[in-house]
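S.K.: Given the structure of chain A, go ahead and fit chain B onto it with the hints provided.
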Amino acid sequence: MASTGKDNNEYWRRNLGVIKVCLVIWVSVSLLAGVLFAPLLNQFNLGGYPLGFWFAQQGAIYVFIVLIFFYAWRMNKLDREFDVNEE
Amino acid sequence: MSLQMLSIIAVGLTFVVYIAIAIWARAGSTSEFYVAGKGIHPIANGMATAADWMSAASFISMAGIIAFAGFAGGAYLMGWTGGYVLMALLLAPYLRKFGKFTVPEFIGDRFYSTTARTVAVVCLLVISLTYVIGQMRGVGIAFANILQLSIETGLYVGMAIVFVYAVLGGMKGITYTQIAQYVIMIFAYSVPAIFISLQITGAVAPQIGLGSTLAGTDTYMLDALNNTVAQLGFGSYTDRVSMGTFNMFLLTLSLMIGTAGLPHVIVRFFTVPKMSDARSSAGWALIFIALLYTVAPAVGAMAVYNLANTVQPGIEDGLALGDPEGSLPIEDQPAWMDRWAQTGLLAVDDKNADGRIQWYNDANPEMQAQAETFGWAGNELTVNNDIMVLANPEIAGLPNWVAALVAAGGIAAALSTAAGLLLAISSSISHDLLKGVFMPKISEKNELMAARVSMGVAIVVAGYLGLNPPGFAAQVVALAFGLAAASLFPVLMMGIFMKRINKQGAITGMLVGLISTMLYIFLFKGWFFIPGTAPLTDDPSGWIFGINPLGFGVIGAILNFASAYIVSSMTAPTPRYIQELVDNVRIPRAQA
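In order, the protein sequences belong to chains A and B.
Residue numbers for the first sequence follow the numbering used here, beginning at 4 and rising by one.
Residue numbers for the second sequence follow the numbering used here, beginning at 553 and rising by one.
Careful: at least some of the hints might be erroneous.
Below 25 Å or equal to it, Euclidean Cα-Cα: the simulated DSS-like pairs (lysine-lysine) are [stated by the list, open to error]:
| no. | chain 1 | residue 1 | chain 2 | residue 2 |
| --- | --- | --- | --- | --- |
| 1 | A | Lys80 | B | Lys590 |
| 2 | B | Lys590 | B | Lys649 |
| 3 | B | Lys649 | A | Lys80 |
| 4 | A | Lys23 | A | Lys80 |
| 5 | B | Lys1051 | B | Lys652 |
| 6 | B | Lys826 | A | Lys80 |
| 7 | B | Lys993 | B | Lys590 |
| 8 | B | Lys649 | B | Lys1051 |
| 9 | B | Lys997 | B | Lys590 |
| 10 | A | Lys23 | B | Lys826 |
| 11 | B | Lys652 | B | Lys590 |
| 12 | B | Lys590 | B | Lys903 |
| 13 | B | Lys993 | B | Lys652 |
| 14 | B | Lys826 | B | Lys649 |
| 15 | A | Lys23 | B | Lys590 |
| 16 | B | Lys590 | B | Lys826 |
| 17 | B | Lys1051 | A | Lys23 |
| 18 | B | Lys903 | B | Lys652 |
Stretch-level coverage of chain A by chain B, calculated; a stretch enters the list once three of its residues show a Cβ under 8 Å from a Cβ in chain B [as the list claims (entries may be wrong)]:
| no. | region |
| --- | --- |
| 19 | 15-27 |
| 20 | 43-50 |
| 21 | 62-75 |
These aren't lab readings, by the way, just hints derived from the structure by calculation.
Ideal Cβ placement from N, Cα and C applies to all residues, glycine included.
Isolated chain A (complex conformation) (with noise of 0.2 Å):
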């Protein structure tokens, strides 16, 4: 393919996009859910669990556990929409 840097650029601004989304969602469930809001987010429940609480114990690493597989499939779905997947 001729473009080939052009491609690349795009691939990476692609890239961060996909990056960007999942750090907001990795700041939002741990620094706020579980820090800085949590204190307001503990007069909800979650069964026994206050909902704050439940972030900074639980919820915020199933979270992560999502944002970096759900990275990998996204990541590998652009690596083949670009060709640069690897065998």
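M.R.: Coordinates of chain B only, in the frame set by chain A:
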């Protein structure tokens, strides 16, 4: 059979497994020794990473730390898991694509500078040495507490075992041993936790149990716990932020960035076959880590609940606080309290000589004032954090073989982390310093020999420091995580994401991060941790802008980013071939 005998058998059996693996997984090349020949399946690497990551502190101490910190203990849980998101998104895939053997090697190549590589080695050595001392001691302490052998004996045995599989197999041997160690570790952690959750809440999964009602009642376990510890002056368990919200924020973020910047964890992602494997492998690692990290808060909370209701049963029985009948008579204390009192991890001191144990927060002035009206003369029970995991099987009334399993699990946790750290240390010496700086023409055969020798030396040094721990050994969180966050993480990330950061910028950034963080820690912990030399008091009144030295890593990281950016924009641009190297690292494969 006695507990000691059973424990020795359990630990002995695991050692046989490790040695068998060592003989099977010998390393024949430098690639096998440093990165297991880049042939580890991403799920297998995830499991090995989890064992590498979860140290003696995660296994033995973390539940206790959370138990006494309450809500704010979440800083450790979120920090030590959130770092994997940064690792998977920002570092691991690109460093794997780069395809070499060590973290300083990437820094040296990307910043076209042997100086940058050497500075990175210095950062790596400070981080990993601090970290490994705690692991070596962890092996000794696990032996001492559970097998009733001396710390020295435990340490020598541990060193000998690591020596066999790390020197023979390098990363390849370490990886397969870590997989076995993970299985032992997670089984040993889960079994007692499941039984305790069943006893207290009736839920099999501790993660569900922590949010469930007490068995046979409509009261949520956490509500009951909040009520109990609040009455004893400790504050509500699920709301308590003794470190303050600001410092909880900084600590969480510093631990996240620090986790992503730990060289012994990063290098694990060099062992998978492809860039896409590095992404998914981080997810697998986090799943395996979460199996322990989501159980730990339940273990901690349930242990406090058990302890409080054992020592102050009056609260659950509905007696008024201060009723003499509400405190446990010393002669009625359960057998596990007697047994752990002998190890010094638990101590009872009947200060008011009433023959009963009062456990409450005497550092809380309101509580102390109230306690005095009851005739209580201070808290009478001190409990070491580690009890919360070590004594769990006995508290739950489980058979001795479960306690033996916990012994094997604790030792597996310490050994697996120690081996990973020792590999990072020895390969930075044989590959980065010896081959990279002093003897570039060394043959592969000789380098492999040098790698084995430096592994042996690293084990002896780490063992010696484990026996004679220097003052900094207790500062793993501040030093290892703080420095990883302030020195290595920013420079790795800039190396991938910002082409304009050049040699001068990277070296300045690393040094600024390293020095500012060390300086801030020294200001409160003493110059080089020599007691009595700290210029400022280590409490909120002395902290600059109220920043706890434990959470300074993120500030050091910001200083690193900023100074690297400024210096790079004032000096010569990055050479063309380096920009091409960055382009190459960013994509999995060039287009056909």
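S.K.: What hint numbers does the structure not satisfy?
M.R.: Per hint list: 12, 15, 18 violated.
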